[in-house]
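Can you make the complete structure from the sequences, with help from the hints?
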Amino acid sequence: MSFKNKILRALIATVAFATAAATHAAGPELRLDKAPLQFDNASLQHGAKLFINYCLNCHSASYLRYNRLQEIGLSDQQIKDNLLFTADKVGDLMTIGMRPAEAKQWFGAAPPDLTVIARSRASHYGSGADWLYTYLRQFYRDTNRPTGWNNVVFESVGMPHAMWDLQGEQVAHFVEREDGHGGKAKHLERLEIVKAGKMPKEEYDEAVADLVSFITWMGEPSQHNRKQIGGWVLAVLAVLGVLTYLLKRSIWKDLH
Amino acid sequence: MQKQAQQLLDWVDARFPLTFLWESQWGKYVAPKNFNFWYIFGSLAMLVLVIQIVTGIFLVMHYKPDASLNAAGVPVAFASVEYIMRDVPGGWIIRYLHSTGASAFFVVVYLHMFRGLMYGSYRKPRELVWLFGVAIFLCLMAEAFFGYLLPWGQMSFWGAQVIVNLFGAIPLIGEPLSIMIRGDYVVSDATLNRFFSFHVIAIPLVLIGLVAAHLTALHEVGSNNPDGVEIKKQPKDANGIPLDGIYSHPYYTIKDIFGAVVFLFVFAAVVFFMPEGGGYFLEFNNFIPADPLKTPPHIAPVWYFTPYYSILRATTSDFMLWLGIFVLVVGGLSVFSLRHQLAKLAAAGVTAVLLVAFYFLDAKFWGVVLMGVSVLLFALLPWLDRSPVKSIRYKGGLYKGILAVFVVCFVVLGYLGILPPTPVGTIVSQICSILYLGFFAFMPWYTAMDKTQPEPERVTWQ
Chain A
1 MSFKNKILRA
11 LIATVAFATA
21 AATHAAGPEL
31 RLDKAPLQFD
41 NASLQHGAKL
51 FINYCLNCHS
61 ASYLRYNRLQ
71 EIGLSDQQIK
81 DNLLFTADKV
91 GDLMTIGMRP
101 AEAKQWFGAA
111 PPDLTVIARS
121 RASHYGSGAD
131 WLYTYLRQFY
141 RDTNRPTGWN
151 NVVFESVGMP
161 HAMWDLQGEQ
171 VAHFVEREDG
181 HGGKAKHLER
191 LEIVKAGKMP
201 KEEYDEAVAD
211 LVSFITWMGE
221 PSQHNRKQIG
231 GWVLAVLAVL
241 GVLTYLLKRS
251 IWKDLH
Chain B
1001 MQKQAQQLLD
1011 WVDARFPLTF
1021 LWESQWGKYV
1031 APKNFNFWYI
1041 FGSLAMLVLV
1051 IQIVTGIFLV
1061 MHYKPDASLN
1071 AAGVPVAFAS
1081 VEYIMRDVPG
1091 GWIIRYLHST
1101 GASAFFVVVY
1111 LHMFRGLMYG
1121 SYRKPRELVW
1131 LFGVAIFLCL
1141 MAEAFFGYLL
1151 PWGQMSFWGA
1161 QVIVNLFGAI
1171 PLIGEPLSIM
1181 IRGDYVVSDA
1191 TLNRFFSFHV
1201 IAIPLVLIGL
1211 VAAHLTALHE
1221 VGSNNPDGVE
1231 IKKQPKDANG
1241 IPLDGIYSHP
1251 YYTIKDIFGA
1261 VVFLFVFAAV
1271 VFFMPEGGGY
1281 FLEFNNFIPA
1291 DPLKTPPHIA
1301 PVWYFTPYYS
1311 ILRATTSDFM
1321 LWLGIFVLVV
1331 GGLSVFSLRH
1341 QLAKLAAAGV
1351 TAVLLVAFYF
1361 LDAKFWGVVL
1371 MGVSVLLFAL
1381 LPWLDRSPVK
1391 SIRYKGGLYK
1401 GILAVFVVCF
1411 VVLGYLGILP
1421 PTPVGTIVSQ
1431 ICSILYLGFF
1441 AFMPWYTAMD
1451 KTQPEPERVT
1461 WQ
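Protein sequence lines correspond, in order, to chains A and B.
So for the first sequence, my numbering puts the first residue at 1; every next one is plus one.
So for the second sequence, my numbering puts the first residue at 1001; every next one is plus one.
Treat the hints as calculated values from the structure; they're not laboratory data.
Predicted model only: the values in this text are computed from it and were never measured.
No residue lacks a Cβ here, since even glycine has one placed at the ideal position from N, Cα and C.
Warning: the hint list may mix true and false statements.
Said to hold, decoys possible - Straight-line distance between alpha carbons at most 20 Å, and here's what the computed EDC-like set of lysine to aspartate or glutamate pairs gives: (1) Lys1294/B to Glu155/A; (2) Lys1364/B to Asp1318/B; (3) Lys1294/B to Asp1189/B; (4) Lys1294/B to Glu102/A; (5) Lys1028/B to Glu102/A; (6) Lys89/A to Asp1087/B; (7) Lys198/A to Glu169/A; (8) Lys201/A to Glu189/A; (9) Lys227/A to Asp1244/B; (10) Lys104/A to Asp1291/B; (11) Lys195/A to Asp165/A; (12) Lys227/A to Asp1237/B; (13) Lys1033/B to Glu169/A; (14) Lys253/A to Asp1291/B; (15) Lys1124/B to Glu1230/B; (16) Lys1236/B to Asp254/A; (17) Lys248/A to Asp1362/B.
What the hints assert, rightly or not - Distance ranges between label pairs, derived from CB positions: (18) Gly1349/B to Lys184/A: 49 to 59 Å; (19) Val236/A to Ile1053/B: 44 to 54 Å; (20) Ile1325/B to Tyr245/A: 32 to 42 Å; (21) Ile1325/B to Glu189/A: 48 to 58 Å; (22) Lys1294/B to Lys184/A: 46 to 56 Å; (23) Ile1325/B to His224/A: 55 to 65 Å; (24) Tyr245/A to His1249/B: 10 to 20 Å; (25) Val1411/B to Trp232/A: 43 to 53 Å; (26) Glu189/A to Thr1295/B: 27 to 37 Å; (27) Pro1017/B to Tyr245/A: 52 to 62 Å; (28) Val1012/B to Leu246/A: 27 to 37 Å; (29) Lys104/A to Leu1128/B: 23 to 33 Å; (30) Lys184/A to Val1050/B: 56 to 66 Å.
Structure below.
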């Protein structure tokens, strides 16, 4: 075997070994549903309404100002009339009255600020939106929990199901399977609605999709703007690339 | 008009060496004409440095290094970053340019260093250029480390906590030293404030000075090139330009501008379309404000530190035996090969002291030492390389193979450093760490054994 071949073999072995090491590193499986996000104004406004009614009592969105909602098609007057419950001015930040220290006493942990929650929940299992979309649809009844609620995605969650009146009450059916390491792991088989809510399943899923779309927008309100500007910047740089290349070629032409 | 401009320039030149500086540093600086793709990364590093300084100036205007909680219960520092992202006009662009710039800096610097390894840019007479470069690399790592704490997210906080705790592994002075660095018993507001100061003024000052020294030294000795030919030794034309030399201006001015545009295209694609870089440039966990009471399940440094972080983690107590054998082999070879009696004695002494110290001091301490050593070893390259030629083009298969193994190990270490530790991963990173160290430690022998071809008189040029 030639020397080069030996090196090649060693390299392949190292890479294969490293890949094996990586697969072993995978933690417990987290199954997330793909969030069907919609960034049109109607969806975002519906999401904003749900967010302000259901989330903004315990969670703040303290990096976002109410009048930023102009960007999803609401006028200052509309915001003032319909959405301004806890603030005086339309330019105020979306804070809440509950103090973090009190919240911690009541829930065990202070409910986190939600402004950038979609960005923080991303992982190799899926985007932050996917996590939220799955989480908000997988609350189930669990009498062992102080709130009476548990969640498939976030086990022993401190938060009760805020939108239970819309979704209704679910119970979870789990099966135990071998986890491949000699132990057993709990797998969700299915969720079953035992008490209907105001919305049928499809409607609830759509409502959650709108809510998650709004939370995703809120995580980075400039994201649409960013991509638009980005397109122009790349176009200008591409033209500049061609021009500077031609200039380079003409200047270097006389070198021998 | 032109006459007046010339008069003004003469007036300045009589008082300040403006024309001289321009001509010696760039305008009339003669460089080899055969620079290839790999020679763009030096000027790109300069470009990124400017981007970082300019965006940094604007970020400092709005950022607040304050760990106390605001009325909504969020740390002021964290909230001020989101304030920049939302309420400061153009703030998000400035912040993304800066956060992407940090990763881009390491991309171009690692490629710049690899260029040096391939073409022997560290060899005589460029030892000082190289040493200034290694110092720049160290400063860059410090700058990135201090800056990463400032957004005050979970990864900022716990990353800093882990790294500062490393200093605690140093015998005797470790604990007081890490308290001195933090200014507290845990990472706190005091730490945030001093890291801000280091990031914004102390390190950048040193960095700019070192860059000036790096470039001045380079323009004094002249640039290397992909053939490793010393153009200064070639016959010169009527203007005193060597056969294969060209003025940097306009030739490399336009070539570098074209390269900068291509780079900026890729850079802008990240800034505008994937500023999080898949969670590698802006880590997802860092969108959660720092919480001293909640340790994240998995703490990983940003990607550019992970090769060294892997070496640190690889140094377990089981590994010390292998490290001891490694040192014994390198020490034995040194004693065997060194000519002077005194040098033989010194090598034997150092080996013995190291082996005894390996036995008595904790593996955690040696992990920290090894991490530092693996960065600093680059500084020794000018004196470790014994090859008669500079460029990889004329080196033999032995060097090419070993360099390839080194690069693969570096990448594998970087990859494993991102992941949580596993038994298999630890063994792989231990093998890679030994190979990484071996690249440097055995260099005097394998470069001397390597079958090289003679360097040409002229550079390769189509």
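For each hint, the structure was consulted:
no.	hint	result
1	Lys1294/B to Glu155/A	holds, 17 Å
2	Lys1364/B to Asp1318/B	holds, 12 Å
3	Lys1294/B to Asp1189/B	holds, 17 Å
4	Lys1294/B to Glu102/A	holds, 19 Å
5	Lys1028/B to Glu102/A	violated, 70 Å
6	Lys89/A to Asp1087/B	holds, 16 Å
7	Lys198/A to Glu169/A	holds, 11 Å
8	Lys201/A to Glu189/A	holds, 18 Å
9	Lys227/A to Asp1244/B	violated, 46 Å
10	Lys104/A to Asp1291/B	holds, 14 Å
11	Lys195/A to Asp165/A	holds, 10 Å
12	Lys227/A to Asp1237/B	violated, 53 Å
13	Lys1033/B to Glu169/A	violated, 75 Å
14	Lys253/A to Asp1291/B	violated, 61 Å
15	Lys1124/B to Glu1230/B	holds, 10 Å
16	Lys1236/B to Asp254/A	holds, 19 Å
17	Lys248/A to Asp1362/B	violated, 58 Å
18	Gly1349/B to Lys184/A: 49 to 59 Å	holds, 58 Å
19	Val236/A to Ile1053/B: 44 to 54 Å	violated, 23 Å
20	Ile1325/B to Tyr245/A: 32 to 42 Å	violated, 54 Å
21	Ile1325/B to Glu189/A: 48 to 58 Å	holds, 53 Å
22	Lys1294/B to Lys184/A: 46 to 56 Å	violated, 29 Å
23	Ile1325/B to His224/A: 55 to 65 Å	holds, 59 Å
24	Tyr245/A to His1249/B: 10 to 20 Å	holds, 18 Å
25	Val1411/B to Trp232/A: 43 to 53 Å	violated, 35 Å
26	Glu189/A to Thr1295/B: 27 to 37 Å	holds, 33 Å
27	Pro1017/B to Tyr245/A: 52 to 62 Å	violated, 35 Å
28	Val1012/B to Leu246/A: 27 to 37 Å	holds, 35 Å
29	Lys104/A to Leu1128/B: 23 to 33 Å	violated, 58 Å
30	Lys184/A to Val1050/B: 56 to 66 Å	holds, 58 Å
Checked against the numbered hints given earlier, the structure breaks hints 5, 9, 12, 13, 14, 17, 19, 20, 22, 25, 27 and 29 and satisfies all the rest.
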